[in-house]
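Novice: Read top to bottom, the protein sequences are chains A and B. Residue numbers for the first sequence, in the working numbering: 1 to 993. Residue numbers for the second sequence, in the working numbering: 1 to 208.
Quick caveat, the hints were computed from the structure, so don't treat them as lab data. We put the CB at the ideal spot given by N, CA and C, even for glycine. A few of these clues could be false.
Stated by the list, open to error - Straight-line alpha carbon distances no greater than 25 angstroms define the calculated DSS-like cross-link-like pairs of lysine-lysine that follow:
#1 A:K769 <-> A:K646
#2 A:K284 <-> B:K69
#3 B:K91 <-> A:K798
#4 A:K798 <-> B:K69
#5 B:K126 <-> A:K271
What the hints assert, rightly or not - Far from chain A by the CB rule (all over 10 angstroms, computed), these chain B residues:
#6 I8
#7 A18
#8 G22
#9 I34
#10 V103
#11 V146
#12 D155
#13 R163
#14 A193
#15 T200
Unchecked claim - The following residues of chain A were derived to be distant from chain B, with all beta-carbon distances above 10 angstroms:
#16 F110
#17 A168
#18 L220
#19 A223
#20 P605
#21 G651
#22 Q746
#23 G787
#24 R789
#25 G821
#26 R884
#27 P905
#28 D930
Each chain, letter by letter, is given below.
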Amino acid sequence: MRGDQANRLNDGGLIDRSTPLNFRFDGKILFGFKGDTLASALIANGVKLVGRSFKYHRPRGILTAGSEEPNALVELRSGARREPNTKATTAELYEGLEAASQNRWPSLKFDVMSVNQLFAPIFVAGFYYKTFMWPAKFWEAIYEPAIRRAAGLGRAAGVSDPDHYDKAWAHCDVVIAGSGPAGLAAALAAGRSGARVILCEEDFVLGGRLLADGGTIDGLPAAEWIARAVAELEAMPDVRIMTRTTLFGVYDGGTYGAIERVNDHLPVPPKHQVRQRLWRIVAKRCVVAAGAIERPIVFAGNDTPGVMMASAMRSYINRYAATPARRIALFTNNEDGWRTAETAIATGLQVAAVIDARPDVSPAHRALAGRGGFPVLHGSVSGVDGGKNGVRKISVSLTGGARGEVEADGLAVSGGWNPAVGLTSYHRGRPKWRDDIAAFVPDGAPPGMAAAGAANGAFGLGACLREGFEAGAAAARDAGHSGNIGSMSVADDEAFSLTPLWHVAGKGKAFVDQQHDVTASDVELAQREGFESVEHLKRYTTLGMATDQGKTSNIAGLAIMAAVSGKSIPETGTTIYRPPYVPVAIGAFAGHHRDENFHATRLTPSHHWAVEQGAVFVDTGLWKRAQWYPRAGEKDWLESVTREVKAVRSGVGFCDVSTLGKIDVHGPDAGAFLDRVYINAFSSLAVGKARYGLMLREDGIVYDDGTTSRLAEDHYFLTTTTAKAGLVMQHLEFCRQVLFPELDVQLTSVSDQWAQFSIAGPKTRDLLKEIVDPAEDLSSEGFPFMGAREVALRGGLKARLFRISFSGEMAFEISVPARYGEAMARNLMIAGKPFGVTPYGTEALGVMRIEKGHVAGPELNGTTTAADLGLGKMMSTKKDFIGRVMAAREALVAPNRQVVVGIKPTDKARRLRSGAHIIPKGETPGPENDQGYVTSVCFSPVLDQWIGLGLVERGRERIGEIVRAHDPLRGEDYDVELCNSVFYDPDGGRQRG
Amino acid sequence: MADFSWDIRSPLDRALVAGPYGAQGEAGVSLTEIRDFDLVQVMARRGKAGEMMKAATARFGVAAPETPKAIGTADATLIWSGPDQFLVLSKDGKHSIEALDSVFAGSASLSDQSHARALISVSGDKARAMLAKLSSIDLHPDVFGVGAAAATSMDHTSVTLWRGQDRADGQAVFDLLVFATFAASLWHTILDAAAEYGVTIGHSEDLA
């Protein structure tokens, strides 16, 4: 089953003819071999037309054989795995591969939108800034969507990606980008010296250009030399060779980004394996041996299918044994291009002509032309006859002004080579121009990085080996390795001769950026309209902004700009290079952080018990907290929450409050330390007592609150809110280490050490008597309000008991070491059974705190002062503390500040909503009359109506006043009464009881 | 009077399913949760680091680590956790906070962390490859030898990581102390990372 493969040579190439593969392109079944790319397999099957262009829907074929490809983009795979804009030139062929051409309708051969070409005069650079301007409202609704539909590339899958992606770190002395002769030589030198080496190669085979161009190294054929080098590297334990891996970026501190296409070459990743892996490689040194990219010459019709880079044509013929054309014309301005003519002759293909823009051709090449029976034309290609079926005829402007024509079905083009300067330029390095090779070479590379070989402008094989070896040795030496590097591999250098040529004037569209359909005349237009800077040129014409990032087009574009603006190329300069070097899927950056693994989660010690109880959970930060515990027959959350509140207020309930931040504050100066971080005093707190504390930021605004207990003379146990647990720990460490290093105090987070439960309700003591050792005195005298001490539990376990209340009821908080947390929840259920104990969640907790007028997150919102919260009297005047001075600023003590006040609708049946704005009666809603807003609301089972807290201007002076709650978001406006914020048991008798 | 049982339950009790996981065949990664240990944070009081170190040497027979190291003694592991502080990991109350209280009286503050962490021991052929997905630390044997330690993070979760004594078969062992409330979440992340190598999962009451 090898199929037709009419354009496959009978032998040769690095394909595995014993492993034939079938694949589909636009539904048609075709055949190829293992070792093919999709592009080489398409060529072997005689497919020339591969896609339609972005703007003009022009027929396009395959231009290159690498990751610089602008044209041959396909939708690879199908269904949820469909990947748009995949380069056929890098997609490895596998059994059953499915690919579809893009940007065409109804079919690739007959594309309705190719009518765009007729309107080409409208679609010049910046056309959408100039047209579709009126009426303005049509832009978003009509013009832009229509343009996007007509342009655009492939279609995203539109559903969740079924595959997994991975991220990993790697560390080495020397990371090498590219495994051509320079990269392999660098790896050999560095590896032999004893350095840890990572060699990244984006291809699936090592060797770089050697795979297509061969050569003789150390007297061996290139393939044999590669095999020996790879065998030697593989035998070194600290050398890691990573194929299918592109080094795409360099970041601070010698960190490099690489994307490994682990299983892109298979239809579906094997079970438990990822599709791609994103690497962060930390390397002391980096050798960029990423090679060079052959550059096109811009001429009319240069995008016709069948026009191909000369080096790509050699790759297809030599590496893949696939012939892109039978009768080949070559257009070159340099010596290297001639290798394609040599390859064609050696393979038995016809050479129609060589069009050489240089004044002279070497005697050897003249002789080749004689043997091959083809003419050498001095001049340039000025036009191409052909279309979707490929090249038919080539027009040539001969030096001296005459015109010629060449009949051929393929045109190889070589305009010289551009070193791949991406990696070396990612830290704002500007490549420098070298006249001798008419190309930019790396300059200003990031620290620790050096380029070698073709990436450094050294195009000869011998030079590549030499530069690579020296760079590898130097990198290893700099990283501290001095082992014996052995001898350097040697090869001859090819002759180099080039006459720069960027653009041939002629009739018809001459494309600079084929992926974005930017023509030479677009560049000229940009210059005429004042967009002369290369950065403006780029944005105005979109030159180089496609997924190929202009790898084949940027330099030609700026060379044309230089010519029309009368500047030199180095004066014109390059745009800024930015990573990634190749597109990297967002999925790879996300790794496994998706769906339920989007972020880490924290579970309370009683989590699994709460799951058994059927709790509904809410995400609070990273925590999963039980929000309420629905019971059979309850119709909604409100019914469940109301039941929980009533059960607590009339009996007893408990709630896991382990999410509160908990900090051990140790040391002889612990009290003095807390005096400075809290607004109220703690050094005066007696051992065995708890106190509510409030801390401010340096700017006088409230930071956090919580209860802190003194467990020993030199040991306090501090609690924070759930939300600020980590931040308060950081803040206190900063205070300890930086602000008050003179204090002898030690801090430890014990948030995870303790399972803590709040037990609340008039029957709390009854429940506790069941579970606490009978020897413990829990009476009001033996354990007064705000008491805190260790107690023994039945069964011998020790617990900490704190008589504190957030609910306003008689309440205790009890702490046990966390691994006993689940047992504690179960035992509270057992102990409380006779009293109808009810577990309650964060909603009931919230209802009870609002009924009690306690402030929480919505009021501690980063804008409020202690006085705003009604806690101004807590600010000690006898000591200094963080935020004291700034809290006295005029605006923070202004009499008209918005302060916490209670709010209830005058219509008891009405639901109060948080976020509603407070407007005086009779005034027009608006910023000038806005006096605050509702911060927290709940349905109060005690009052049988909705109530809330709000921040209202002079609120405490206006108790009893009726104002408007204006809620434009929900379209509501109703009267509310400002009232005391403590709705329930204002004198506090219940919690002291 | 009701009967109360105080069952101790590891934070990984539900998440950990003993046996094989992921790719079949020879497991590349072995994961063992060590349960029911004592862990005490020892922090020198101001200007008392020398006294603390002396007290530690007298108690454990070795000097406590002053750099990121984990030092094994006959019945405890001392793990560096910051300047002038270290963790004492032990079993069966030998070096519990109650036992150490008098040892460091006046020279250091002690905080019990026994229940605040879960301890996961990782070994196997692919242990390093798996940990490279979670940790930015270079675990090459030349860099992170036996006794090396790091206070670091994995999957945005704080972790104390050290290399314990090699297994009898010569395999490296990496120990992770992770905050208890994050443990189940990190455990799933570890399984995700290890699945392709094949995993064998277990738990133990013994410190390695």
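Novice: Against this structure, judge whether each hint is valid.
Specialist: Results for each hint:
no., hint, verdict
1, A:K769 <-> A:K646, "holds (22 angstroms)"
2, A:K284 <-> B:K69, "holds (24 angstroms)"
3, B:K91 <-> A:K798, "holds (19 angstroms)"
4, A:K798 <-> B:K69, "violated (33 angstroms)"
5, B:K126 <-> A:K271, "holds (17 angstroms)"
6, I8, "violated (5 angstroms)"
7, A18, "holds (17 angstroms)"
8, G22, "violated (5 angstroms)"
9, I34, "holds (13 angstroms)"
10, V103, "holds (15 angstroms)"
11, V146, "holds (18 angstroms)"
12, D155, "violated (6 angstroms)"
13, R163, "holds (15 angstroms)"
14, A193, "violated (7 angstroms)"
15, T200, "holds (14 angstroms)"
16, F110, "holds (46 angstroms)"
17, A168, "violated (5 angstroms)"
18, L220, "holds (34 angstroms)"
19, A223, "holds (31 angstroms)"
20, P605, "violated (8 angstroms)"
21, G651, "holds (17 angstroms)"
22, Q746, "violated (4 angstroms)"
23, G787, "holds (22 angstroms)"
24, R789, "holds (17 angstroms)"
25, G821, "violated (8 angstroms)"
26, R884, "holds (25 angstroms)"
27, P905, "holds (40 angstroms)"
28, D930, "holds (40 angstroms)"
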